[in-house]
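Going down the list, the sequences are from chains P and V. All residue numbers for the first sequence refer to the working numbering, where the first residue is 270 and numbers rise by one. All residue numbers for the second sequence refer to the working numbering, where the first residue is 270 and numbers rise by one.
Derived by calculation from the structure, the hints in this document are not laboratory data. Only true hints are included.
No distinction is drawn between identical chains; accordingly, a pair holds when it is met within one copy or between any pair of copies.
DSSO-like cross-link-like pairs, simulated, lysine-lysine; straight-line CA separation at most 27 Å:
id : residue 1 : residue 2
1  : Lys471    : Lys414
2  : Lys492    : Lys550
3  : Lys407    : Lys471
4  : Lys371    : Lys328
5  : Lys273    : Lys328
6  : Lys446    : Lys506
7  : Lys528    : Lys511
8  : Lys340    : Lys540
9  : Lys546    : Lys492
10 : Lys407    : Lys492
11 : Lys296    : Lys405
12 : Lys546    : Lys311
13 : Lys446    : Lys414
14 : Lys427    : Lys414
On a predicted model such as this, the values are computed, not experimentally measured, just so you know.
2 protein chains.
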Amino acid sequence: MIKKIYIIGIGLIGGSFALELRKLFPKSKIIGIDNSENNLGKALELGIIDEKTIISQIKNPDIIIVSVPVKSIINLLPTILDCANNNTLIMDVGSTKNSICKIISDHPNRENFLATHPIAGTEFSGPTAAQEGLFKHKNIIVCDKDRTAKSKLQLGLKIFELMKMQISYMDSESHDKHIAYVSHLSHISSFMLGKTVMDEEKSEKNIFDMAGSGFESTVRLAKSSPEMWTDIIHDNKENIIKSLNDYIENLAKINCLIKNDRFEELESQLKSINYIKTILKGIN
Amino acid sequence: MIKKIYIIGIGLIGGSFALELRKLFPKSKIIGIDNSENNLGKALELGIIDEKTIISQIKNPDIIIVSVPVKSIINLLPTILDCANNNTLIMDVGSTKNSICKIISDHPNRENFLATHPIAGTEFSGPTAAQEGLFKHKNIIVCDKDRTAKSKLQLGLKIFELMKMQISYMDSESHDKHIAYVSHLSHISSFMLGKTVMDEEKSEKNIFDMAGSGFESTVRLAKSSPEMWTDIIHDNKENIIKSLNDYIENLAKINCLIKNDRFEELESQLKSINYIKTILKGIN
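Isolated chain P, as found in the complex:
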């Protein structure tokens, strides 16, 4: 019987989790914890949480969702694991997984913990961005599942299934390596595209009238939270540097083709990249 659910970090992801868990466990109490009194106030007002508290006041938790930025997860997770009793399931939802799993690797309550990464962000943040159905048909990556006690793992997976998520499994090191390419690099490329265009066009605001949905689509992620992304980049530094090196090299090579009028090679390269159509069909 799930009676008390704690959500640490009541933003977009934490808030949306709270909404789902309320549907799944209508008799449970949902208690929010957040650095920001403003976030807590809004979450109470919107009915996302029933009460607010602080970490040192956590008592008899059945489920704890940790949805704060990666750096804070690393700082707080050992203390949060101290709060676990025999039945507690603690899950984080951070965008990196390796250093998070390392920091609690030898914690006596390691088995109460399930490392997850729901692929379901948007560029918006805060409890007002929280929404029911955010996770529906989205992927969630569960890392190092053999380090979680069977009963806790089963509870976690059942929740994700009821939320209609697609579950995949990975070790935390591979997660960070691959996510650098398929997510983190997109964010940095988008931020830098935004910067490049704004630097060039800053004195001529009306130029952006020329921009269409293509520009909007590629710079959408440049609206993301700088704090959160600085954290992620810091934490996944080595993998991101490698992906950025590869990206810069590809851009420099295509620039070289353009400079040298090698347009047939350029066209054949663009054609082979079109294969991305097939890949994207598999993405929600």
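Take the given structure of chain P and dock chain V to it, following the hints.
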């Protein structure tokens, strides 16, 4: 009285123009010209055009829309302008404008021509992608308007207004300089992002399960037509090289910040790029 409208290149843009012009001039005949018999067949089948013909058979045209790739516009436009009579309005819709305007600068029928760039593409192509309403509330850039005879300019502008487009004016050289940043660079960055990720992950297709809507959004433009984009890149070579140099420099700089653990500077840079939110609000 508009009786005969010729659409040269009956793809996404040409086809969508045909659909709009049929609504505006229901009594006119719409005649399609295309290299591809397949496109012509589909356009006839879908009722986008009434007849097909070839350029040398153009007779008494009231309006001619030239919506073929940029290189073909440059090749064909002088011949097409030869077909103009006193009343003919000829418009192109190419993604670059400078070399197009140059090639017919001294043509005796220059005044029949209006250079335009509707900012309304999608990553799809062909007559089956054509749709009514594609241009509604979109921007159209009209270039070098003083080179067009007043009566033709007025007809063109009236058509765009009836299509509910937002019209802006620019000289063709400025158009190409700015569009390199706000459109062409987005496409190249997207193609190269697609390449970088596919090269890294090609042996592990399931990795793309990890990708979310962020990745999809940034690589969407990598689905675009390679032929069309090779043409555009070729034609706007110098401006694109400059924008790519700027972009690569910004990426190298941020990679340097990451390598040297200068995360405070990185965060402050991401924060200032967030200003893009304000800019994007103005884009449809």
